[in-house]
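What follows is each chain in one-letter form.
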Amino acid sequence: MQWFSIFLAGFLFSTGLIISGMINPQKVLNFLDVFGAWDPSLAFVMFAAIFVNAIGLRLILRRKSPLFSAKFSIPTRTDINARLIIGAAGFGIGWGIVGFCPGPAVAAVGIAPAKTLIFIAAMLVGMYTAKFWTQHTSN
Amino acid sequence: MNYFPALLGGSMIGLAAIIVMATNGRIMGVSGIIAHFLPPPAQDWSWRLLFLAGVFLAPLTYWLVIGEPPLIIINANTPLLLSAGFIVGFGTVLGSGCTSGHGVCGLARISPRSVVATVTFMLTAILTVYILRHVLRG
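Order-wise, the sequence lines are chains F and L.
If you read the first sequence in numbering that gives the first Met the number 0, its first letter stands for residue 0, the second for the next number, and so on.
If you read the second sequence in numbering that gives the first Met the number 0, its first letter stands for residue 0, the second for the next number, and so on.
None of these hints come from the bench; they were simulated from the model.
There are no misleading hints in this set.
Derived EDC-like pairs (lysine to aspartate or glutamate); straight-line CA-CA distance at most 20 Å:
#, chain 1, residue 1, chain 2, residue 2
1, F, 70, L, 43
2, F, 26, F, 38
3, F, 26, L, 67
4, F, 130, L, 43
Only a predicted model underlies this, so the values are computations on that prediction, with no experimental measurement involved.
Let the sequences and hints guide you as you build the complete structure.
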């Protein structure tokens, strides 16, 4: 049941990306093109996702623990450091170049494998580089 | 403009995040889930693999059921795909999250780090599209 529910969550997430059009990089770039042919619809995707999640979280966190795990693993850090800002800024630049963030890239790979696999391969190299670098430097 | 698909799709994404938290007690952050599989070896990867399997299979299932694939148009060429992929990967690990982890889950918790990260990546993404579409291409 635990494994089925997690699979279902991934399936539902991806179906949401399809229905909203967020799986399509061209639509994402049109959303980010605020000063051009702006397509504001993806703002409503974010709004709905955050709103539904915020209400659900309130209800869930009244419980002492999740259904199939000992405890809730929720980030507790509150420090705003350079890594956070530089990392987010870099991510935004890459997102704005192609229109893919990690979720939609995984969703799109079965449909448009040729270009998506190139993006994902480079993304994995970037992730590994950052992981390796952050483990061998401090702050 | 019809906002119903956006609101419905967004609600499904929010519901997915609720399921991940309610069952496994985890934040649904896709970049973190993917990066977990890269060295050094870590435990507790089975739920992450199942989540990614669901993400991968939904569009193929949609194709099978509807009869046509979801619309995916990628205009970027190989050098752009490589450079964008690399900085998306590097940036999401360095900044501890992407659109799902910081944007959907972090903002729902009103996490200060996620608010700063989301505002930052939205601004740089909008600026990048502006430069690529309106400055460089006239």
